[in-house]
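Colleague: Listed below are the residues making up each chain.
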Amino acid sequence: MMRALMLLGLCCGTVQAAEPLPATDAAVWLQNIAEAPNRYAYQGIFVLQKGDRMQTLQVSNRVSAQGKESRLVGMDGEQREVRCTRGESVSIVGGPSPKQERRIGSRHFPDLLPADAARMTTWYDLRLGGMERVAGIECQTLTLEPKDQYRWGHVLCIDKESYLPLKAVLVDQRGRPLMQYSFAEVQIAKGAAAARARPASLPAPLQDAPRALNGSAVEVRQLPPGFSRVIAVKRPLANQGIEVEHWVFSDGLMHISMFVEPLARNNVTVRGASQRGMTNLRTLRVGQNQITVVGDAPPAAIDLIARSIGASAL
Amino acid sequence: MVSMKHTQTMPSQDADAWVSALLNGELDDSEAKRAFSRIPGEAEAATRWAEYNLVSDALHGDAADTRAFMARFRDTLEAEPTVLAPMVARKAQTAPYLWTAAAAAMAAITWTVWTAAPSDTGSDRMVSAQTVAANDPRPGVDPVANQLEPYLAAHQDYAYAVVSVPEMVIEKVSLAGPNQ
Numbered sequence: 001m002m003r004a005l006m007l008l009g010l011c012c013g014t015v016q017a018a019e020p021l022p023a024t025d026a027a028v029w030l031q032n033i034a035e036a037p038n039r040y041a042y043q044g045i046f047v048l049q050k051g052d053r054m055q056t057l058q059v060s061n062r063v064s065a066q067g068k069e070s071r072l073v074g075m076d077g078e079q080r081e082v083r084c085t086r087g088e089s090v091s092i093v094g095g096p097s098p099k100q101e102r103r104i105g106s107r108h109f110p111d112l113l114p115a116d117a118a119r120m121t122t123w124y125d126l127r128l129g130g131m132e133r134v135a136g137i138e139c140q141t142l143t144l145e146p147k148d149q150y151r152w153g154h155v156l157c158i159d160k161e162s163y164l165p166l167k168a169v170l171v172d173q174r175g176r177p178l179m180q181y182s183f184a185e186v187q188i189a190k191g192a193a194a195a196r197a198r199p200a201s202l203p204a205p206l207q208d209a210p211r212a213l214n215g216s217a218v219e220v221r222q223l224p225p226g227f228s229r230v231i232a233v234k235r236p237l238a239n240q241g242i243e244v245e246h247w248v249f250s251d252g253l254m255h256i257s258m259f260v261e262p263l264a265r266n267n268v269t270v271r272g273a274s275q276r277g278m279t280n281l282r283t284l285r286v287g288q289n290q291i292t293v294v295g296d297a298p299p300a301a302i303d304l305i306a307r308s309i310g311a312s313a314l
Numbered sequence: 315m316v317s318m319k320h321t322q323t324m325p326s327q328d329a330d331a332w333v334s335a336l337l338n339g340e341l342d343d344s345e346a347k348r349a350f351s352r353i354p355g356e357a358e359a360a361t362r363w364a365e366y367n368l369v370s371d372a373l374h375g376d377a378a379d380t381r382a383f384m385a386r387f388r389d390t391l392e393a394e395p396t397v398l399a400p401m402v403a404r405k406a407q408t409a410p411y412l413w414t415a416a417a418a419a420m421a422a423i424t425w426t427v428w429t430a431a432p433s434d435t436g437s438d439r440m441v442s443a444q445t446v447a448a449n450d451p452r453p454g455v456d457p458v459a460n461q462l463e464p465y466l467a468a469h470q471d472y473a474y475a476v477v478s479v480p481e482m483v484i485e486k487v488s489l490a491g492p493n494q
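Residue numbers (the numbering used here), protein chains in the order written: chain A, 1 to 314; chain B, 315 to 494.
These are calculated hints, taken from the structure and not from any lab test. As the structure is a computational prediction, the values presented were derived from the model and not from experiment. For each residue, glycine too, the CB sits at the ideal point set by N, CA and C. Check before you lean on any hint, since a few could be wrong.
Stated by the list, open to error - Heads up, simulated SDA-like pairs for lysine to any residue below, C-alpha to C-alpha not over 25 Å straight-line:
| hint | chain 1 | residue 1 | chain 2 | residue 2 |
| --- | --- | --- | --- | --- |
| 1 | A | Lys-234 | B | Pro-464 |
| 2 | B | Lys-347 | A | Met-131 |
| 3 | B | Lys-347 | A | Leu-170 |
| 4 | A | Lys-99 | B | Ala-467 |
As the list claims (entries may be wrong) - Chain A stretches covered by chain B per the calculated footprint, using a threshold of three residues with CB under 8 Å from any CB of chain B:
| hint | segment |
| --- | --- |
| 5 | 29–37 |
| 6 | 216–230 |
| 7 | 288–297 |
Can you make the complete structure from the sequences, with help from the hints?
Modeller: Below, the structure written as structure tokens:
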């Protein structure tokens, strides 16, 4: 309870004591939040703040008969655009001669929760906080407090009409903000107009796109509770000139990547952490393979996965 | 019912000091809200806010002109003081330009490196330590940083879609040394 109060107090100002929602109520909240981006068109500008860095992005989302389509455009730094449609995602980097890359993920703020978000009540307690205003819209504060040491907490501010997150703060186990998204301005189209949007087209298929992984020299024998493998591909790694296996494990909110590649002659085995401890990394050698486990997750989750990697029976 | 109780008061120093404290996350919740609300109405503070953000962008290689956004953002903050939730309030040791110093420190990463015996099982044994200072974790400066950055970029591209460069900076690395 005290940790929940800390989360709400530190992130949202107003603190209200709240018991965890009953699992059924919590599941309804999560499911509504997960489905909001598939129901509503929206466009706006949001800010990503991580450590002392701030990035501004323009986002638009529309709903068509084929599903949701979204577009992200970076407003500062390198010119970058991400288009997501029909479960595929492409990033376009650069100006006059842009470079296109097929992405292996297609989710982004404010589309944070998986389609089966209700199951997350097993691993997170949900508590309702007070009302806040974000981008001129009243929103309901909602805390997702992890039940174990394998995940970070989240504080969301939810538009009560659409259930779209207007703000999301990732917090550590002491309630300290690690990263946050917040809309500075947003328009949400509530109604059927969004359904008439024409589907967007993606650029032509790209070379060097990730491809499905068929078999691996390693296997992961144990994952943190609630985590499962959501993707496993072979992909090129930027500026490395090599192809690596990229596995992603997730509990729906947290993502942990594992990279597998042939052992290099001068490889090193390291353990690392980012400045605020949000991102943790571990590399190790398994047989003749170099493994890198990295994720925005507590060290306990990274270490559990790293310790569970062994040579595959293949 | 519990309510947050704020005992700190808003620093009364000049704009340099309190804008710096705001950006350093040294103000508590109520102080930060007051600070955000003051920025649009105080020309010197607004100038400092914009300058510090531009300095940060320059330090990180994002040299794009963000003035237009910052102007709109200031307007938004005037109406929405809670758009950016403050960091955890630390006891103020407020000093001008602390935030820019922190940003510079972010670029001047200190790598703490332990040399250790290699292990096939991945369980590394740390036996000694040395500190290596690097002014920039970009290619050609630190071999460990060079090795890690592509993995961070690939992971963050999957997890967030929105980052143009790796946002994570590995600060502490325990190094097990080359395999033998």
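Colleague: Give a verdict on every hint.
Modeller: Quick rundown of the hints versus the structure:
For the hint pairing A:Lys-234 with B:Pro-464, the CA-to-CA distance comes to about 15 Å; that is within 25 Å, so the pair holds. For a cut-off of 25 Å, the pair hint linking B:Lys-347 to A:Met-131 stands: about 16 Å separates their Cα positions. About 20 Å separates the Cα atoms of B:Lys-347 and A:Leu-170, which keeps this hinted pair within 25 Å; it holds. Among the hinted pairs, A:Lys-99 with B:Ala-467 is consistent with the structure: their alpha-carbon atoms are about 16 Å apart, no more than 25 Å.
Proximity of the segment 29–37 of chain A to chain B, defined as three or more residues with a beta carbon under 8 Å from a beta carbon of that chain, is not established by the 0 residues found. Beta-carbon proximity to chain B at under 8 Å applies to 0 residues in the segment 216–230 of chain A; the threshold of 3 is not reached and the given coverage is violated. Evaluation of the coverage hint for the segment 288–297 of chain A: fulfilled, as 5 residues show C-beta separations to chain B shorter than 8 Å, against a requirement of three.
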